[in-house]
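J.: If you want the building blocks of each chain, they are given just below.
There are 2 protein chains.
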Amino acid sequence: MNEILEQTLLYDFYGELLTEHQKEIYEQFVLEDFSLSEIAEQAGISRQGVHDLVKRCQKTLEGYEEKLHLVEKFLSVRKKVDQIGEILTEYEREEKDPGEMAARIRKISDMIIEEL
Amino acid sequence: MNEILEQTLLYDFYGELLTEHQKEIYEQFVLEDFSLSEIAEQAGISRQGVHDLVKRCQKTLEGYEEKLHLVEKFLSVRKKVDQIGEILTEYEREEKDPGEMAARIRKISDMIIEEL
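Residue numbers (our numbering), protein chains in the order written: chain C, 282 to 397; chain F, 282 to 397.
What the hints contain is simulated information worked out from the structure, not anything from laboratory work. Some hints could be false.
The list treats identical chains as interchangeable, and a pair is accepted whether it falls inside one copy or across any two copies.
To be verified - Below, computed lysine-lysine pairings styled on DSS-like, alpha-carbon distance capped at 27 Å:
1) K361 x K304
2) K388 x K304
3) K336 x K304
4) K304 x K348
Construct all of the structure, not just a fragment, from the sequences and the given hints.
T.: See the structure below:
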């Protein structure tokens, strides 16, 4: 996974555990793609201060993921739900045997339930 | 949802964010169903101390849920995956139209993807 996507996912899941100030700066840097200098100027802190804050936020978010693994879990569930979609598409396009389609979907949905 | 189930789910999701000591006491009380007095005796702290610690853990776990809503999300996804299972069972038992089954499953799996 590329770094920006990873940071965005971590922020989606755990961002609410940051302080308001951290969230504001972090969003500007990761989601809105402002430069450190631009953020520093706007927030009235040093460029280095912004840099340190962003690094600290990343470490905090990664720490939550190391403990809870919720991003990992949700990506795995999403992948399986995508597979269900693909099986349905195959069936619709090629008129595959519906019994086989049902059995394959059953297997995946059981795996999702185990994972949740 | 009953209280024990709710506390268990909260602990499943956010328990790793408690300290080792908190986890030990909280598990004995909520998961293993020991009494406050039994835990107090074993841990060498007062009954009131155990009570306060358990309450504080509950508040901490509830605080995470208020911010992240991951248990709520998980329950909602699980409900939808269960619905997919029910649709498959209906199809298998009553030989419902496979095209209709596929369309219904598609709708639910799309809803899950949106939610994840």
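J.: Each of the hints needs a verdict: does it hold here or not?
T.: Results for each hint:
no.	hint	verdict
1	K361 x K304	neither (31 Å within a copy, 32 Å between copies)
2	K388 x K304	neither (40 Å within a copy, 35 Å between copies)
3	K336 x K304	within (12 Å within a copy, 29 Å between copies)
4	K304 x K348	both (21 Å within a copy, 13 Å between copies)
In the structure shown, a violation is registered for the earlier hints numbered 1 and 2, in ascending order.
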